[in-house]
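> Take a look at the letters that make up each chain.
2 protein chains.
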Amino acid sequence: MTKQVGTHLVVDFWYGKIIDSEKTIKEILIEAAEKANNKLLDLGIHKFEPQGITGFALLAESHISIHTWPDKYYIAIDIFTCGNHSTPQETLKFLKKRLNPKKIQVQEIKRGHLENYGKKNHNANQ
Amino acid sequence: MTKQVGTHLVVDFWYGKIIDSEKTIKEILIEAAEKANNKLLDLGIHKFEPQGITGFALLAESHISIHTWPDKYYIAIDIFTCGNHSTPQETLKFLKKRLNPKKIQVQEIKRGHLENYGKKNHNANQ
Chain A
1 MTKQVGTHLV VDFWYGKIID SEKTIKEILI EAAEKANNKL LDLGIHKFEP
51 QGITGFALLA ESHISIHTWP DKYYIAIDIF TCGNHSTPQE TLKFLKKRLN
101 PKKIQVQEIK RGHLENYGKK NHNANQ
Chain B
1 MTKQVGTHLV VDFWYGKIID SEKTIKEILI EAAEKANNKL LDLGIHKFEP
51 QGITGFALLA ESHISIHTWP DKYYIAIDIF TCGNHSTPQE TLKFLKKRLN
101 PKKIQVQEIK RGHLENYGKK NHNANQ
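In order, the protein sequence lines correspond to chains A and B.
Each residue of the first sequence is one higher than the last, beginning at 1 in the working numbering.
Each residue of the second sequence is one higher than the last, beginning at 1 in the working numbering.
What the hints contain is simulated information worked out from the structure, not anything from laboratory work.
There may be inaccurate statements among the hints.
Pairs involving identical chains hold if they fit within one copy or between any two copies, as the list cannot separate such chains.
[To be verified] Computed cross-link-like contacts, DMTMM-like style, restricted to lysine to aspartate or glutamate with a CA-CA straight-line distance of at most 20 Å:
1) K23 <-> E49
2) K26 <-> D42
3) K102 <-> E90
4) K72 <-> E90
5) K23 <-> D42
6) K93 <-> D42
7) K97 <-> D20
Next up, chain A with everything else stripped away, as it sits in the complex (with noise of 0.2 Å):
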């Protein structure tokens, strides 16, 4: 038994391709979200001016999320499933491919510790 409730990928590119349509960056997220073996549920994209382009896809597993700032050569990247069909790397593997960055960062968080699942009277603010 999986002992947290989902894997997040906390990414981070860094001199990627830059990405100015919303149509790609739509179909990169959709593509996304098929990677990782997730059912899509919606999808909020925008484009702001002069630049940078800023997404999320909302999944029936949670979320995968891609905001740019072109000027900075930055784009942040969020790969939040759950379940154990779910393959978070997978996305990860097809978003270094399609944006090609030359730095990146990677932090994996294990939300939902089941460990915490039971501990009713443990004090907030921990």
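Based on these hints, arrange chain B on the given structure of chain A.
For chain B alone, kept in the frame of chain A given last:
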């Protein structure tokens, strides 16, 4: 000058209020964005059967998401904001009050460290 692009609060709530209405989660997300002093661009909300509700707020300053697992008494929250005007801790304060969890885990991640900006020749996969 800030040394990163944004601040990301990765938040796990345990034994908080169970939200079972799309209207309520919508109201919570709208107020969460206001508390962060952020501009709401889009909202996506989905209710699962028999239980669970999930939602995201796409912001001009990144995103706020709330995913709930009532069967595990667990709520996963992400508050990712950028810019000096953003007040993500105010959003966290609001959500603590609104959802009243008995146990809270918060991890603050600085996203997009600007020390990486200009280091184009670093290897990927670092």
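> Can you tell me if K97 and D20 fall within 20 Å by alpha carbon in one copy, between copies, both or neither?
within (18 Å within a copy, 39 Å between copies)
> For the identical chains here, do K26 and D42 meet the 20 Å Cα criterion within one copy, between copies, both, or neither?
For K26 and D42, the Cα distance is within 20 Å both inside one copy (11 Å) and across copies (15 Å).
> Between the shortest in-copy and the shortest cross-copy C-alpha distance, which are at most 20 Å for K93 and D42: within, between, both, or neither?
neither (22 Å within a copy, 28 Å between copies)
> Reference check for the pair K23 and E49, CA-CA at most 20 Å: within, between, both, or neither?
Within one copy only: 16 Å inside, 31 Å across.
> Go through the copies and call it for K72 and E90: within, between, both or neither, with a Cα cutoff of 20 Å.
This pair counts as neither: shortest intra-copy Cα distance 26 Å, inter-copy 27 Å.
> Please work out whether the CA atoms of K23 and D42 approach to 20 Å or closer within one copy, between two copies, in both situations, or in neither?
both (15 Å within a copy, 17 Å between copies)
> When no copy is named, should K102 and E90 be tagged within, between, both, or neither for a Cα gap of at most 20 Å?
within (19 Å within a copy, 35 Å between copies)
Checked against the numbered hints above, the structure violates hints 4, 6; every other hint is satisfied.
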